[in-house]
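Asks: Chain by chain, the residues run as shown.
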Amino acid sequence: MALSLADLDLRGVSEAIGRGDVNCVAATETYLERIQAHDRMLQSFITVMADQARARAKAADTEIERGRRRGPLHGVPVALKDLIAVAGVRMTAGSRVLDAHVPAHDAFVTRRLGDAGAVILGKLAMHEWAFGRPTTDGPFPTGRNPWDVRRAPAGSSSGSAVAVAAGLCAGALGSDTGGSIRGPASMCGLVGHKPTYGLVSRAGVLPMDWSLDHVGPMTRSVWDSAVMLQAIAGADPDDTTTRHAVVQDYVSALESGARGLRLGLLRRFYVDWPELNAEERAAALAAFDVLRSEGAHVQDVDAPTLDLAMPAWVPFLSEMYEYHAQTLRTRPEAYREALRPRLLMGALVTAQDYLRAQRIRERLRREVDQLLERVDALVFPGQAGPAMKFEDVPTTGVMPASARYTAPWNLLGLPACVVPCGFTRDGLPLSIQIVGRAFDDATVLRIARAYERVTDWHRRRPDPARWRL
Amino acid sequence: MTEDRVQFDAECRAAGLRLSAADHEALYQMWLEWLPERQRLRDAIPQPEEEPWR
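Quick mapping for you: the protein sequence lines, in order, are chains A and B.
Sequential numbering of the first sequence, starting at 95, is according to my numbering.
Sequential numbering of the second sequence, starting at 3, is according to my numbering.
If you are wondering where the hints come from, they were derived from the structure by calculation, not from laboratory data.
Check each hint, because a few of them may be wrong.
[Stated by the list, open to error] Which residues of chain A face chain B? A partial, calculated answer using Cβ under 10 Å: (1) 426; (2) 432; (3) 436; (4) 441; (5) 444; (6) 491.
Being a predicted model, the structure only gives us computed values, none of them experimental.
C-beta atoms are modelled at their ideal positions from N, C-alpha and C, and glycine is treated no differently.
Sequences and hints are given; from them, build the entire structure.
Replies: Shown next, in the form of structure tokens:
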């Protein structure tokens, strides 16, 4: 059969391997060829691990020939944001600071993907230290949006989103401190899942802000994200935040539908925000109607302290400054000019501001916990609007106002998933977001799937013929 | 020199920052944009009865 892997989601690739329609080496070669053909324009990979990937794929085929298939990720080519360590492979965080850094050990999540049989194709572009601005030049370009290469894919897991959306890998891992999985996933028409804080180990993952950082999957479908999450979730002695991790079965409940589920729509803070893009608003409201028609009870809810979420998020930049302070003093020129003031803002956070932010965080947590006693999940538009042209991306400010759609959920560490819900008239992806109770990622993914399975937005693919300037 | 500028320079000194002129200016502009947000945070005083240990 003529198999176009690039058009498949991770599940499709996995099933093709399972049926024997394609072997792991051939699947890997297909993606490597596609990277070769398109990534000069899309700029999604920093390092392509062609030799290691071929060797891994060959070993995966040998295992299959001997009757062993580890699971759905066996032989499936995936890729990692370039702040996730792979032993012996340069890890840059998109910065000249680390341009010669080669970690000695795999990150926990890298090991888990390897144990599941996945083939790592390479390391993906990102915004510098997960907090820089998008760029198309210099040693570490951040990637072009495959739906319109004149537009940014958002960040900071920009390369992860670009590569998955463009069919340069079957799935990817990103990281999310204020929206860095959910933003790019939304802009590129993908599912992006920020797991519960403490569910996925950050050992071997370069930090941005320790108490807000999450690692999670970015994929073409909800099933794909569930399978990747299953592989990487769980306690790790090297990341003490995971000591109470509760791992669920993320796949088996996916098809349970939305009937009877209670969804709280955060209308005042999100839908009624005057700066919300009109097409995003309309698409999201239509999506919530779809969930209603699937049997969910959708009611308006509110958490007034959301108004203080962004003022409370910024003081956590002091964690980032703590990590970078010495290098900023000794090698400031190694950081891009646009990033330095954002890092330095962390130096101007007082201990009192930081502690006040922690107290506001607790106030918000209590409000949201009370909401989540009344509803099974919260829903709202995934982003403030679609992908922006590079020249329109704000270059000032610590965080854009639109971060209100994502950053509050890093403060609370709750599972948050974006899923495609339509396209603008210009053909740009739109999304909704679903937030659930701590360690109930399974319900979040179930709701995402309940929407996905009666819509077809996730089946659309960007046209490679348009990948030119 | 404005009051904001005096305050900013004092905060930079307190933080031990020694910056190039360009970085100093860029940081000042960012700090200025952040001030209203910081003030909102400082004005949001949690009440004792809100604390989880009450």
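Asks: It remains to establish, for every hint, whether it holds in the given structure.
Replies: Hint by hint, here is what the structure shows:
1. 426: 7 Å, holds
2. 432: It holds, given that the least Cβ distance between residue 432/A and chain B is near 8 Å, below 10 Å.
3. 436: 7 Å, holds
4. 441: Check passed: Cβ of residue 441/A comes within 4 Å of chain B, closer than 10 Å.
5. 444: 8 Å, holds
6. 491: Hint on residue 491/A: holds, closest Cβ of chain B at ~5 Å, below 10 Å.
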